[in-house]
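There are 2 protein chains.
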Amino acid sequence: MKTVLVTGAAGFIGRHTLTPLLDFGYKVITTGRSTLPVDSRVEHHCADLLDKNQIATLIERTRPEELLHLAWYLEPGKYLHSFLNDAWLAASRELLKQFGLHGGKRAVLAGTCFEYQFQDSLLDELESPLDGNSHYGECKNALRIEAEKLSNDFQFSLAWARIFYLYGPHEYENRLVASVINSLIKSKEAPCSEGTQIRDYLHVQDVADGLSHILQSNITGPVNVTDGVGHTIRQIVETIADLTGRPELVKFGAFQPRPGDPDLVVGAPGKILTTPWKPSFDLTSGLRATIEWWKQAHQGNSVPIKN
Amino acid sequence: MKTVLVTGAAGFIGRHTLTPLLDFGYKVITTGRSTLPVDSRVEHHCADLLDKNQIATLIERTRPEELLHLAWYLEPGKYLHSFLNDAWLAASRELLKQFGLHGGKRAVLAGTCFEYQFQDSLLDELESPLDGNSHYGECKNALRIEAEKLSNDFQFSLAWARIFYLYGPHEYENRLVASVINSLIKSKEAPCSEGTQIRDYLHVQDVADGLSHILQSNITGPVNVTDGVGHTIRQIVETIADLTGRPELVKFGAFQPRPGDPDLVVGAPGKILTTPWKPSFDLTSGLRATIEWWKQAHQGNSVPIKN
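Same order as they appear, the protein sequences are chains X and G.
Sequential numbering of the first sequence, starting at 1, is according to our numbering.
Sequential numbering of the second sequence, starting at 1001, is according to our numbering.
Treat the hints as calculated values from the structure; they're not laboratory data.
Where a beta carbon is used, it is the ideal one built from N, C-alpha and C, also for glycine.
Mixed in with the good hints there might be a few duds.
Here are the simulated SDA-like cross-link-like pairs (lysine to any residue), alpha carbons at most 20 Å apart as the crow flies [claimed, not checked]:
| # | chain 1 | residue 1 | chain 2 | residue 2 |
| --- | --- | --- | --- | --- |
| 1 | X | Lys-78 | G | His-1081 |
| 2 | X | Lys-251 | G | Thr-1057 |
| 3 | G | Lys-1078 | X | Glu-248 |
| 4 | X | Lys-78 | G | Lys-1078 |
| 5 | X | Lys-97 | G | Glu-1094 |
| 6 | X | Lys-186 | X | Glu-248 |
Computed spacing ranges between beta-carbons, pair by pair [said to hold, decoys possible]:
| # | chain 1 | residue 1 | chain 2 | residue 2 | range |
| --- | --- | --- | --- | --- | --- |
| 7 | G | Glu-1060 | X | Asp-263 | 24 to 34 Å |
| 8 | X | Thr-3 | G | Tyr-1172 | 38 to 48 Å |
| 9 | G | Glu-1060 | X | Gly-253 | 28 to 38 Å |
| 10 | X | Glu-146 | G | Gly-1245 | 55 to 65 Å |
| 11 | G | His-1102 | X | Glu-194 | 33 to 43 Å |
| 12 | X | Thr-274 | G | Thr-1062 | 49 to 59 Å |
| 13 | G | His-1102 | X | Pro-129 | 28 to 38 Å |
| 14 | X | Glu-146 | G | Gly-1077 | 39 to 49 Å |
| 15 | X | Glu-43 | G | Lys-1188 | 52 to 62 Å |
| 16 | X | Lys-188 | G | Thr-1062 | 38 to 48 Å |
| 17 | X | Gln-299 | G | Leu-1036 | 45 to 55 Å |
| 18 | X | Arg-175 | G | Pro-1276 | 51 to 61 Å |
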């Protein structure tokens, strides 16, 4: 049985990767600052990845053959311009170095669409220019370059999974989809921009499934985690309004888009098409399941994570 | 009136720099995450220095001629091995760049004795080898090199003030001097190592005064903030025991020194001797004042910061 170490396993995407990884037959080891595992089926090691010594100890103890590294600083409204990106860049470099030193064979790291120079066409994992349009994007770009060097030095296989936009259970409540859903199910107004921006939103479970398929595959280098289907923000918000039956609460044009917000962010699916992965949700079914999850969460019911 | 921006002004050293800077005739501007100033005599700007955008806004608004940059991650027991050092390295680089871009003329940055390769002789600011014996030391070394480059690029004057060991009011309670004082005045045992290690402890007010004198001076490059007087840890603890009248509570040899703890860390005073600075406390008077401060702090009295 192959062992995979998952970092950020308690995070928005991480917690959705555990079931598909277990289904693929992995022994799953998670790590994080919490002393409690996020799931009873995994082996959890409490460690602070921002501590250099704790990384070394963690890898010596667990010696994983594979690594799915998702942990990062992602606080909404702050992460794009924070120097905590530099802390996670340094921690990730050390994690990957220790992984290589201790015989690691296969690593998948979380990249981001923010590495690309945004433009008026689909973003291609091999062809599109990169520029790090934010400090977050700069640090992820820097990590990718260093990770490729480490994978050469230590001869492990590396895929760099660029994650685009997503929504679903356990999302931060102040992000777009969670915020509109929560406003409408609580009968509050949802002020929006005109919503002409086009984004390739996926349900978080589909993103997590995609990452698990990439880990299983022989894919190396950058790989977009996307099906290439874009939606306008207006279309997403209108679908939520229809599904909750509260279209009168949505106020399009209530504010301007953020300065510099690109018109189009949609990835071209490339190497991921060589895996069996395809999204299990379309926009309507994904939003319907997410609305249901939020309704149950507010009733205080425990909500099983969809596999 | 010259303007100086002080970062880390609410910190252990920072709060003791305000009075000497005001006495030198500076207009003092402080910054930090708190919305409240640490002292009513200064102009405070709330900013998170780990946010790239907030640094630019802060410097545009305040346009300080001089800078005393003390803010850093210094949580006891964690800071030596933390990747938050990388966050502060990146933030400090950006702060210094914006300072230079907006006409800054003179900067003093906090260095550390942890930049040196520890050895059996006094540490000389010009001659002693450097090696960054910890991740903290590595990042401070890296910042010094980048700061010197920025001072050349933007033609501002830069001094790199290496701070050694210190004690005094407002110290973290789990650090050596504060911990022994608090144990003894609360009639608790104070377990110690044999205490043969030699360190050049200064009272925090003397360190802060030294930094203020360095800012006022024309000193450039590395400068040790020290009077070159070393004390054994045993001598320091015995002085506390004498002053509190509780020598029976001290247990020397209760544990081993930490692995890798150097025998000798004492700086040679160099360029600082060209300023009028000299310490106002010797070990006994400094510890006596600190014990008095802790006693009053525990009585809930407001304690004026000694000038």
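Against the structure, the hints:
no.	hint	result
1	X:Lys-78 with G:His-1081	25 Å, violated
2	X:Lys-251 with G:Thr-1057	32 Å, violated
3	G:Lys-1078 with X:Glu-248	52 Å, violated
4	X:Lys-78 with G:Lys-1078	24 Å, violated
5	X:Lys-97 with G:Glu-1094	27 Å, violated
6	X:Lys-186 with X:Glu-248	13 Å, holds
7	G:Glu-1060 with X:Asp-263: 24 to 34 Å	29 Å, holds
8	X:Thr-3 with G:Tyr-1172: 38 to 48 Å	39 Å, holds
9	G:Glu-1060 with X:Gly-253: 28 to 38 Å	32 Å, holds
10	X:Glu-146 with G:Gly-1245: 55 to 65 Å	57 Å, holds
11	G:His-1102 with X:Glu-194: 33 to 43 Å	37 Å, holds
12	X:Thr-274 with G:Thr-1062: 49 to 59 Å	54 Å, holds
13	G:His-1102 with X:Pro-129: 28 to 38 Å	31 Å, holds
14	X:Glu-146 with G:Gly-1077: 39 to 49 Å	29 Å, violated
15	X:Glu-43 with G:Lys-1188: 52 to 62 Å	40 Å, violated
16	X:Lys-188 with G:Thr-1062: 38 to 48 Å	39 Å, holds
17	X:Gln-299 with G:Leu-1036: 45 to 55 Å	41 Å, violated
18	X:Arg-175 with G:Pro-1276: 51 to 61 Å	57 Å, holds
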